[in-house]
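A.B. asks: In order, the protein sequence lines correspond to chains A and B.
The C-terminal position of the first sequence is numbered 315 in our numbering, with every residue numbered one higher than the one before it.
The C-terminal position of the second sequence is numbered 312 in our numbering, with every residue numbered one higher than the one before it.
Read the hints as simulated data drawn from the structure, not as lab findings.
Any given hint could turn out to be false.
[Claimed, not checked] A few chain B positions that, by computed beta-carbon distances, are all more than 10 Å from chain A:
no., residue
1, R60
2, Y88
3, F91
4, A151
5, G218
6, E225
7, E259
8, A265
[What the hints assert, rightly or not] Derived coverage of chain B by chain A (criterion: at least 3 residues anywhere in the stretch with Cβ under 8 Å from a Cβ of chain A; other residues may be distant):
no., region
9, 166–180
10, 296–309
The structure presented is a predicted model; accordingly, all values stated were derived computationally and were not measured.
Using N, Cα and C, we set each Cβ at its ideal position, and we do this for glycine too.
Spelled out, the chains give:
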Amino acid sequence: MLAEHSGGTVSDSTRELLGKAAELAGGLGGTAQVAVLGPADLAGQLGGAATVLWMDHPALAGYVPQAYEVALAHLLAERSPRLLLLSNATVGLDLGAALAVLWDAPMAAYATRLAVEDGVPVATCQVLGGKALAEVELPGDRGIATVVAGSFPASPPGTGTAPEVVAVPPPPGLDGVATRLRRVIEPEAGDVDITAADVLVSVGRGIGSKDDIEIVAELADALGAALSASRPVTDNGWLPKTRQVGKSGLKVKPRAYLAFGISGAPEHLEGMRDAELIIACNTDASAPIFDVAHYGTTADLFDLVPALTERLNG
Amino acid sequence: MRIVVPLKTVPDLVEEIEFTPDGAGIDTEYLTFVLSEWDDQALEEALLVREAAGGQVVAVGLDGDPEIGQVLYTAIAKGADAAVRIAGQAGSARARSALLAAYLRRNPADLIVTGVQTVDDLDGQLAPMLAARLGLPHAGVVTGVEPGDGSVTVRQEFSGGRSQELELPLPAVIGVQAARQAPRYAPISKIRQVMAAGGIEDAAADAGEAGEGPLVRRMYAPERTTRAQMLEGGADAVAGQIVELLAARGLVKG
Ligand SMILES: Cc1cc2nc3c(=O)[nH]c(=O)nc-3n(C[C@H](O)[C@H](O)[C@H](O)COP(=O)(O)OP(=O)(O)OC[C@H]3O[C@@H](n4cnc5c(N)ncnc54)[C@H](O)[C@@H]3O)c2cc1C
Ligand SMILES: Nc1ncnc2c1ncn2[C@@H]1O[C@H](COP(=O)(O)O)[C@@H](O)[C@H]1O
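Please model the complete structure; the sequences and the hints are all you need to start from.
C.D. replies: Okay, here's the thing in structure tokens:
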């Protein structure tokens with residue numbers, strides 16, 4: 002597995018992969034090895050793994066897809082693992098499919114479950130925005146799985162014995178990496194911190210237009226709640242980026258999350274599934290949001306939202 | 059700059075998904091197919107790059123994709139300079155990337171811009187597979203492409219709103235998450251005009267061996283164990299129940 006890290010800390014998704022990697026390695030009769038690329042000394046945070054394969058090179062000072070690809074392709078050729086695990090976020094979306102071609106391995110994307118059955122890795126993958134699951138085998142002598150965040154429990158930092166660190170000399174190919182990391186951009190602070198709100202009124206593409214955002218804003222006001230959104234709403238500029246819940250937005254855990262016109266794609270659920278109370282309004286009864294919501298309604302949001310506001314203000 | 063934009067159609071997720079009787083696939087017979095939303099974003103970003111740097115945008119699709127003709131005509135109506143329909147069918151990103159790579163080897167591009175993913179990427183994403191086959195640098199989850207001199211600078215997003223700027227030498231492959239602006243709209247009348255004029259080129263591509271993907275055992279709808287309790291009644295009645303649920307938790311102010 003690849004460790005993702007920034008600022009000297011391994012990511013949450015990496016800690017979620019650690020326990021699973023050790024379990025799968027046990028099932029396959031092997032050991033869990035973690036690739037750490039770049040200067041950071043992360044072994045102390047990777048307890049549970051047997052080995053850290055540490056490679057450093059100026060091209061690995063930050064995350065550069067081409068450099069990571071060259072480094073991992075080298076490790077895969079040298080170590081011939083049975084299975085490579087990546088998180089299904091930016092780094093995994095960049096590298097998984099590229100390595101599937103370069104290393105000639107079958108790949109399972111969007112895995113939410115991984116097991117070894119009769120010596121073969123089996124993955125359960127989300128497709129069609131979470132409306133279907135596919136159970137697939139990764140037969141042969143190699144395979145790659147990219148794992149959806151939140152699928153496995155995270156190993157708490159500092160658990161397990163520290164792995165043995167093996168320094169792997171960088172391959173010459175890293176000297177030829179021409180992609181350059183120009184700058185890292187930290188998130189802008191918003192007018193409202195949606196991660197701090199007790200109640201979120203959240204709106205999705207079902208709202209249809211910027212003008213209609215007004216009706217959900219009025220409901221949020223009436224509830225004393227903050228207004229958040231799914232990605233298409235912020236991409237369209239209907240609400241600021243700082244209001245976005247999900248994989249590439251913010252992870253929220255309010256006491257109540259009211260979702261209007263949000264389908265519940267895996268990337269959205271990643272950001273809100275731990276809310277204490279989830280109430281979803283979606284005219285499509287088969288929308289995946291109803292799989293995580295506690296209460297649901299197929300009422301039209303254009304009827305329900307004003308009715309709620311009226312009741313609260315009345 | 060020659061910019062190639064691979065486009066693909068996917069089932070419209072507003073519809074109920076049915077599975078084939080053998081349980082190994084999706085029954086597509088009654089599904090509507092629409093352009094993948096990330097490919098739509100990719101086309102928009104490609105048109106913006108061309109507007110800034112000049113050159114041409116070529117939309118390409120596989121003739122085995124449902125509704126691809128409509129999608130390619132729409133791309134021209136939105137401003138693509140040309141559209142190419144490649145003979146072939148692909149049930150996976152791996153097979154698709156092999157066909158597109160074969161086409162691109164014969165018809166090289168300076169920049170290849172496609173969606174970061176599609177909703178049926180069971181075996182991985184197209185952009186990195188295409189880049190790996192062509193030996194090109196790539197970046198995904200991109201929200202903006204600035205053309206430079208022999209290079210492009212892209213903004214790549216991470217979780218939590220963090221992002222970074224990468225400069226990639228051309229040729230390169232980009233997987234777009236979102237264009238800098240919402241995808242433009244082509245009026246139906248314009249699409250009709252384009253269709254009447256024809257103008258989609260046909261091309262053949264010899265994919266060769268694509269390599270093995272995963273072995274699908276079964277496809278099924280997620281178990282509904284934690285399914286929401288559905289609130290009954292009209293909008294007013296539902297509103298009343300929601301207010302009660304919130305009030306019971308002390309979440310209604312005043
Ligand atoms: C790398 C990556 C990162 C991503 N990060 C995020 C992220 O951080 N956050 C995020 O949200 N998404 C993210 N996405 C996008 C995600 O895949 C989905 O595209 C997105 O979540 C869909 O948003 P939505 O539910 O609002 O829209 P849709 O999926 O279009 O759903 C709209 C819903 O509204 C319903 N509806 C329509 N009209 C009405 C009505 N009148 N009343 C009630 N319901 C109605 C429809 O039935 C439909 O279910 C990411 C994708 C990628 C590839
Ligand atoms: N040096 C690095 N090594 C690996 N990944 C990095 C590095 N710098 C930034 N990243 C990426 O940036 C992400 C930071 O996201 P976050 O954990 O949300 O702050 C990580 O998960 C990596 O994907």
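A.B. asks: Quick check: do three or more residues in the region 166–180 of chain B have a beta carbon closer than 8 Å to a beta carbon of chain A?
C.D. replies: holds (count 6)
A.B. asks: Minimum Cβ separation between B:A151 and chain A greater than 10 Å?
C.D. replies: Answer for B:A151: violated, closest chain A Cβ roughly 7 Å.
A.B. asks: Does the claim that B:A265 lies outside the interface with chain A hold up, using a Cβ gap greater than 10 Å?
C.D. replies: holds (13 Å)
A.B. asks: Between the region 296–309 of chain B and chain A, see if three or more residues pass the 8 Å beta-carbon test, and mark the coverage as holds or violated.
C.D. replies: The restraint on the region 296–309 of chain B holds, since 10 of its residues have a Cβ under 8 Å from chain A and three suffice.
A.B. asks: Are all beta-carbon distances from B:Y88 to chain A longer than 10 Å?
C.D. replies: Non-interface label on B:Y88 holds, nearest chain A Cβ at 14 Å vs cutoff 10 Å.
A.B. asks: When you look at the beta carbon of B:G218, is every beta carbon of chain A farther off than 10 Å?
C.D. replies: B:G218 is in fact no farther than 10 Å from some Cβ atom of chain A, at 6 Å.
A.B. asks: Is the nearest CB of chain A more than 10 Å from the CB of B:E225?
C.D. replies: Incorrect as stated: the minimum Cβ-Cβ distance to chain A is 4 Å, not above 10 Å.
A.B. asks: Would you say B:F91 is clear of chain A, with no C-beta pair closer than or equal to 10 Å?
C.D. replies: holds (12 Å)
A.B. asks: Is the Cβ of B:E259 farther than 10 Å from every Cβ of chain A?
C.D. replies: holds (27 Å)
A.B. asks: Over 10 Å from every CB of chain A: does B:R60 meet that, or does the non-interface label fail?
C.D. replies: holds (20 Å)
Comparing the model with each earlier hint shows violations of hints 4, 5, 6; every other hint is respected.
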